[in-house]
Amino acid sequence: MSFVSPVSLLSPVSLLSPVSLVSPGSLLSPVSLVSPVSLVSPGSLLSPVSLVSPVSLVSPVSLVSPVSLVSPVSLLSPVSLVSPGSLLSPVSLVSPVSLVSPVSLVSPVSLVSPVSLVSPVYLVSPVSLVSPVSLVSPVYLVSPVYLVSPMSFVSPVSHLWFTVCFELLSLSALQHLDIISDKTHPSPFCQTSLSFQVQYPPSPSPPSSPSAWEGFGTKVRLLLPYVWPKGSAALQGLVLLCAGLLAAERLVNVLVPVYSKNIVNELSAGGGWTSLVSTVCIYTLLKFLQGGGAGTSGFISNLRQFMWIKVQQFTSRGVQVCLFSHLHGLSLRWHLDRRTGDVLRSVDRGTSSINNLLSYILFSILPTVCDIIIAIIYFISYFNIWFGLIVFTCMLLYLTCTVLITEWRTKYRREMNDQDNQAKSRAVDSLLNFETVKYYGAEDYEVCCFEDAILKYQFCEWKSSASLALLNQTQNVIIGSGLLAGSLLCAHLVSEGQFQVGDYVLFGTYIIQLYTPLNWFGTYYRLREVILILFVCFVCSMEVLRDVSFTVEAGQTVALVGPSGSGKSSILRLLFRFYDPQIGRICVDGQDISKVRQSSLRSYIGVVPQDTVLFNDTIRNNIRYSRVTASDQEVERAAMAADIHSRILELPKGYDTEVGERGLKLSGGEKQRVAIARTILKEPRIILLDEATSSLDTQTERNIQASLAKVCTNRTTIVVAHRLSTIAGANQILVVHNGRIAERGRHEELLVQGGLYAAMWTKQQKSLDTQTESQMNNETQDI
Numbered sequence: 001m002s003f004v005s006p007v008s009l010l011s012p013v014s015l016l017s018p019v020s021l022v023s024p025g026s027l028l029s030p031v032s033l034v035s036p037v038s039l040v041s042p043g044s045l046l047s048p049v050s051l052v053s054p055v056s057l058v059s060p061v062s063l064v065s066p067v068s069l070v071s072p073v074s075l076l077s078p079v080s081l082v083s084p085g086s087l088l089s090p091v092s093l094v095s096p097v098s099l100v101s102p103v104s105l106v107s108p109v110s111l112v113s114p115v116s117l118v119s120p121v122y123l124v125s126p127v128s129l130v131s132p133v134s135l136v137s138p139v140y141l142v143s144p145v146y147l148v149s150p151m152s153f154v155s156p157v158s159h160l161w162f163t164v165c166f167e168l169l170s171l172s173a174l175q176h177l178d179i180i181s182d183k184t185h186p187s188p189f190c191q192t193s194l195s196f197q198v199q200y201p202p203s204p205s206p207p208s209s210p211s212a213w214e215g216f217g218t219k220v221r222l223l224l225p226y227v228w229p230k231g232s233a234a235l236q237g238l239v240l241l242c243a244g245l246l247a248a249e250r251l252v253n254v255l256v257p258v259y260s261k262n263i264v265n266e267l268s269a270g271g272g273w274t275s276l277v278s279t280v281c282i283y284t285l286l287k288f289l290q291g292g293g294a295g296t297s298g299f300i301s302n303l304r305q306f307m308w309i310k311v312q313q314f315t316s317r318g319v320q321v322c323l324f325s326h327l328h329g330l331s332l333r334w335h336l337d338r339r340t341g342d343v344l345r346s347v348d349r350g351t352s353s354i355n356n357l358l359s360y361i362l363f364s365i366l367p368t369v370c371d372i373i374i375a376i377i378y379f380i381s382y383f384n385i386w387f388g389l390i391v392f393t394c395m396l397l398y399l400t401c402t403v404l405i406t407e408w409r410t411k412y413r414r415e416m417n418d419q420d421n422q423a424k425s426r427a428v429d430s431l432l433n434f435e436t437v438k439y440y441g442a443e444d445y446e447v448c449c450f451e452d453a454i455l456k457y458q459f460c461e462w463k464s465s466a467s468l469a470l471l472n473q474t475q476n477v478i479i480g481s482g483l484l485a486g487s488l489l490c491a492h493l494v495s496e497g498q499f500q501v502g503d504y505v506l507f508g509t510y511i512i513q514l515y516t517p518l519n520w521f522g523t524y525y526r527l528r529e530v531i532l533i534l535f536v537c538f539v540c541s542m543e544v545l546r547d548v549s550f551t552v553e554a555g556q557t558v559a560l561v562g563p564s565g566s567g568k569s570s571i572l573r574l575l576f577r578f579y580d581p582q583i584g585r586i587c588v589d590g591q592d593i594s595k596v597r598q599s600s601l602r603s604y605i606g607v608v609p610q611d612t613v614l615f616n617d618t619i620r621n622n623i624r625y626s627r628v629t630a631s632d633q634e635v636e637r638a639a640m641a642a643d644i645h646s647r648i649l650e651l652p653k654g655y656d657t658e659v660g661e662r663g664l665k666l667s668g669g670e671k672q673r674v675a676i677a678r679t680i681l682k683e684p685r686i687i688l689l690d691e692a693t694s695s696l697d698t699q700t701e702r703n704i705q706a707s708l709a710k711v712c713t714n715r716t717t718i719v720v721a722h723r724l725s726t727i728a729g730a731n732q733i734l735v736v737h738n739g740r741i742a743e744r745g746r747h748e749e750l751l752v753q754g755g756l757y758a759a760m761w762t763k764q765q766k767s768l769d770t771q772t773e774s775q776m777n778n779e780t781q782d783i
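With UniProt numbering applied, the sequence shown covers 1 to 783.
In case anyone wonders, no lab produced these hints; they're calculated from the structure. No residue lacks a Cβ here, since even glycine has one placed at the ideal position from N, Cα and C. Among these hints, one or two may not hold up.
Said to hold, decoys possible - Each pair of labels, with its calculated beta carbon distance range:
#1 N616 with G244: 28 to 38 Å
#2 N616 with A728: 55 to 65 Å
#3 Q473 with L664: 24 to 34 Å
#4 T762 with A427: 47 to 57 Å
Stated by the list, open to error - Okay, derived cross-link-like pairs now, DSSO-like style, lysine-lysine, Cα gap no bigger than 30 Å in a straight line:
#5 K456 with K438
#6 K310 with K230
#7 K665 with K653
#8 K665 with K682
Throw the hints in and build the complete structure from the sequences for me.
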């Protein structure tokens, strides 16, 4: 054994018996190793070794120099575990591996055998693990696992070894937790096993805001696939025809000033009437094709716009469908953190902005660039290099100032858009909660709030308009300066006899029609706020569940009970994959649900939520929503099973009755029974009931409980219930308290234990007895 400084084990770290050092010599209890001490390869510490209990490292563990352990058991930078050192075989940390400061072991988390870290797990600096941390073999690390520093490790999964590369990630790179593999669909579920070990990482900071013009090429590449309609030869032909019309417009734009010049020269020279008529007719035809401006309202422009309608509709449809599909693919947390009115307004503005941007790119940017190049070449070849230099300098100043001012004023436009979203969101939220507004007589308050939002929007609109006016005035000054310089030069050359009067007209006409399409630069705004939703991630900011583990056998019913906010509904949402656990895994029929497609998983699960919201459609379509191919007879059978068929028939239009916005035309109990019928029609193999009968009266609840009992037969069922009497017959009852399972067992077993469940049962029974006694007294008084 050798002791080499400056790597040290500092007090209060003690090596307690039985501890031995393989290379000659042993340290017996109680012995403290005080600085400076070093453990040099190939020395190894054999089990059991305890470094400042309650943190334990289980055999076989090899520490290979250079390693320093500094009290109170922190790994400080730079600390490395170098090959062939290993922690907890069969999991090996292979060189080069480094743990970068600050990494600390703080209390209270334990990893118990068998422990699986299931994708996706993010460890972002500062990374904290809480003690007592006990790593007990076998430990499985399943990809993908992301750490801050580059790292690789070898992990045994199902006795297969493979290498997984740890990626160097910034906080902004933590994206979309829904990992979908190409595994086959789950087989008919015969077992549902859930294992939760939840630990949430810190929320990622928002990405820095890039320049308004930065990434313009990226946006163009993103949108161009929507311009070329794949699989439609007719639409592709329209695109090519529109491109040909654009080329024809460029030619017309050159010829119009030329024939304008010819008319002036012929009038000045007193040419023949026949020649003048011919020139005027050609000029008129060209202006008819061109329109009042450069391709703004002429025949060619109108024809191109008409032919482009089908292509634009294809583009708009593709973008909106893609966006709508993605919105449905985002996590529940994303939708809970946003207002519906805000999202709808952003989507509406975003899709229209995409259409406008494509039009600007194809029919303004590309043609204008071509016109500028043609103009510079024409002026240099027909006039002289000074005219080309004037045009080039003027265009350069125009574009530079426009880009800089637009970059500056983008914040005002974005602020105006945000306030517009706030105003529309306020209006939508108020109208959706119309009934609540009426309950509290808050109409005047809502009107005042909406007016205040409008005033804020108008103030931001004024700032945006003022900045736009500044941009337009700057553009006018540059255009006027260029026109003045070119006109003076041309007039000077005309006065000296080098050019004709028509040349002066040609220059003025050409330069004006060249500047007109440049106005698009002042109306381009960033699409980043719209496209960013394609890269949204979900990170929960608080710990909801900790060390929750249970198994539901095939056909069994498991009930989750506990106080509000204890995490019962979170378990159902995790099972349905609205969220993914940061640590732990959920298995259905032995398959990790994070490894199967969400659509495949959810096709086997039926849910009756606590808060039922129906579509503003007929009762028939609301029930059929779970299986749109179901026949009317199947819909009615599902309604009978949910004990609502007779009530529906009493309505004037029966099953064709409209339920109103969010189902407000129905009572709470009726909405709940429609939701139950919808779940019954789906015929799921797994049923999740989140206080499904909470809105029902006692008699209806009994009827539906009987129906649910039939429906849930031979189906795996998980019930979240507040009324304990409704789940007394469950195969297993789990009492959830503060994110943990405090008690588990059957109804009778939990009553005998005298714990939380027994206390809740006693409290509810006393409340029920009080209500019964009160009703009897009221009936006696009535008699």
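Evaluated hints:
About 47 Å separates the C-beta atoms of N616 and G244, a value inconsistent with the hinted range of 28 to 38 Å. With their beta carbons about 38 Å apart, N616 and A728 fall outside the hinted range of 55 to 65 Å. A beta carbon spacing of about 53 Å between Q473 and L664 contradicts the range 24 to 34 Å that was offered as a hint. For T762 and A427, the Cβ-Cβ distance of about 49 Å falls inside the hinted range of 47 to 57 Å, so the restraint holds.
Between K456 and K438 the alpha-carbon distance is near 26 Å, which keeps this suggested pair within the 30 Å criterion. With a CA separation close to 14 Å, the supplied pair K310 and K230 stays within the 30 Å bound. Taken as a hint, the K665 and K653 pair is honoured in the structure, with Cα atoms around 13 Å apart against an allowance of 30 Å. Between K665 and K682 the alpha-carbon distance is near 24 Å, which keeps this suggested pair within the 30 Å criterion.
Checked against the numbered hints given earlier, this structure breaks hints 1, 2 and 3; the rest are met.
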